[in-house]
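A.B. asks: Protein chains in written order, with my numbering: chain L, 1 to 398; chain P, 1 to 57.
Source of the hints: derived by calculation from the structure; they are not laboratory data.
Keep in mind that a hint or two might mislead.
[Said to hold, decoys possible] Here are the simulated lysine-lysine pairs, DSSO-like style, with alpha carbons at most 27 angstroms apart:
1) K252(L) - K100(L)
2) K354(L) - K229(L)
3) K344(L) - K20(P)
4) K3(L) - K318(L)
5) K318(L) - K20(P)
6) K381(L) - K3(P)
7) K120(L) - K100(L)
8) K344(L) - K3(P)
9) K354(L) - K344(L)
10) K335(L) - K305(L)
11) K3(P) - K229(L)
12) K214(L) - K3(P)
13) K25(L) - K100(L)
14) K20(P) - K132(L)
15) K3(L) - K229(L)
16) K164(L) - K3(P)
[To be verified] Quick list of simulated restraints, FRET-style, between CB atoms:
17) G231(L) - C37(P): 13 to 23 angstroms
18) C37(P) - G233(L): 17 to 27 angstroms
19) K3(P) - G233(L): 12 to 22 angstroms
[Claimed, not checked] Covered, in the sense of this in silico footprint (three residues per stretch, anywhere, with C-beta under 8 angstroms from a C-beta of chain L), are these stretches of chain P:
20) 14 to 24
21) 40 to 53
Model, not experiment: these values are computed from the prediction.
Note that CB positions come from ideal geometry on N, CA and C, so glycine has one too.
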Amino acid sequence: MKKHYDLLMIGGGPAGAIAARTAAKAGLSACIVEKRPAIGAPVRCAEGIGMESLAEFVEPDPCFISAEMQRAAVVAPDGTTMMLDSESAGGKVGYVLDRKVFDRELVWQAAEAGADVAVKTRASAPIMSDGKICGATLEFCGTKTDVMADVVVAADGVESKFSKWCGVDTTVPLREIMSSAQYIVTDIDIDPHCTVFCLGNNVAPQGYLWVFPKGDRTANVGIGISGIKSGNGHRAKDYLDRYMASKFPNGKTIEWIVGGVSVCRPLACTVADGLIIAGDAARVVDPLTGGGIYNAMYTGDLAAKVAIDAIEKGDTSKDALMTYDKQWRESTMGKTIERNYHIKEYMINLTDAKLNAIIQTATSINLKEFSTLQLAKELLKRNPKLILELAVLKNLIT
Amino acid sequence: MLKVHRDICGYCGCCVSVCKEGALELIDAYLEVGPGCTDCGVCAKACPVGALEVGRE
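Just chain L, with the same shape it has in the complex (with noise of 0.2 angstroms):
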């Protein structure tokens, strides 16, 4: 490890991977700090993604594609499945991942790329000077280094601290956490290739209860709950071992994982003199999806090519380095996330009863793009009572 870089990532996931990849590849110099001692170890995602946003960062490659995904099925609280399918040629629309693999593919590509790498190695506070990041103290088994660097990535993830630890306030409101748990279950009956999203205020309280097949008989079975909803007796974990016991009495449990996932808006301000928040550090998960893995690939790109821009023109101040926040909130990603986040809101507060009549509106729809703007426009289509229903929704979606 060098004592100074340009760019310095703090995590080793997507964000810090691409982050890491975009800096190594313009000829900057760049290292990725991970904590843990593996890439892509212990998986915290239900591993979704849609085909063009993965193949936009990374050509999709089958070691680290765990299954292809033709279609979604949304059921209501009362059983009602509405099935969506895709008019898209050859109707794939997305993937379910195999994390592991894949994090360690994009570290790989970005150590190929020139990047450094170093594991079991913790940011354990950042060094400021006048006030602007300038580096950070890495511990690795024991040994404290200074490791300085012209621009700091952010990307530890929802458990973040590092922006904390710089004056940013990171915390995330507890009725915006999504308290999860999954399994990966294995010898069950499912469709191999449809992913299946139920809803309910029984099922997942202001969340949803999801089966992600990664395989033929081989699902990731996970739910995600609100923290306000969440308290002894009724966590995530004891809603989703009832499903199991109804829907997957046989099922083999060979993974157990649990997690947290942030659905509310994105910080209100990603940067600071001489750092950058991507990923899930920066809270630009999807607030209606859950789904974080391309907005963290996107953000860890934008803010490596933001970092190169004002590490060639000498200026990393946080007024150089807002370009980043400005494009991200500009760009579609950022679009997406605030207008799912109203969706989100108006979703959160529907009674069983009306979720039920939503659903029933519409048993089977054809997507010609796979979106939950797609979704909701159709919805309105086939309904039209629905608009004063979803008067909100209307505003946003039309």
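Given chain L, put chain P in place with the hints provided.
C.D. replies: Leaving out everything else, chain P in the frame of chain L:
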């Protein structure tokens, strides 16, 4: 004083994200509780598995 039931904890960091005081830190597979903890209980509520318990509960 916040008690961490380490046999239950899945070291996921969900609690860290909701801690206003910044008192929690996830160091690999170990959840550290710092002196800033006020026993507010927000983390204990958010925990997906019930691994956290505040003294007064």
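A.B. asks: If you draw a straight line from the CA of K354(L) to the CA of K229(L), is it 27 angstroms or shorter?
C.D. replies: holds, 20 angstroms
A.B. asks: At the C-beta level, are K3(P) and G233(L) separated by a distance inside 12 to 22 angstroms?
C.D. replies: holds, 18 angstroms
A.B. asks: Going straight from one Cα to the other, do K335(L) and K305(L) come out at no more than 27 angstroms?
C.D. replies: holds, 20 angstroms
A.B. asks: So if I understand the rule, the pair passes when the alpha-carbon distance is 27 angstroms or less; does K381(L) with K3(P) pass?
C.D. replies: violated, 53 angstroms
A.B. asks: Is the straight-line distance between the alpha-carbon of K25(L) and that of K100(L) 27 angstroms or less?
C.D. replies: holds, 24 angstroms
A.B. asks: Between K318(L) and K20(P), is the straight-line Cα distance small enough, at 27 angstroms or below?
C.D. replies: Answer holds: K318(L) to K20(P) is near 24 angstroms, not above 27 angstroms.
A.B. asks: Take the C-alpha atoms of K3(L) and K229(L), compute the straight-line distance between them, and say whether it is at most 27 angstroms.
C.D. replies: violated, 47 angstroms
A.B. asks: What's the verdict on K354(L) and K344(L), does the C-alpha distance respect the 27 angstroms limit or exceed it?
C.D. replies: holds, 15 angstroms
A.B. asks: Are 3 or more residues of the stretch 14 to 24 of chain P near chain L, judged by a Cβ distance of less than 8 angstroms?
C.D. replies: holds (count 8)
A.B. asks: Please count how many residues of the stretch 40 to 53 of chain P have a CB within 8 angstroms of a CB from chain L and say whether that reaches 3.
C.D. replies: holds (count 7)
A.B. asks: If you draw a straight line from the CA of K214(L) to the CA of K3(P), is it 27 angstroms or shorter?
C.D. replies: Outside the cut-off at roughly 36 angstroms; violated.
A.B. asks: Would the pair K20(P) and K132(L) pass a check requiring their Cα atoms to be no farther apart than 27 angstroms?
C.D. replies: holds, 23 angstroms
The structure fails to meet hints 6, 8, 12 and 15 from the earlier list, while all remaining hints are met.
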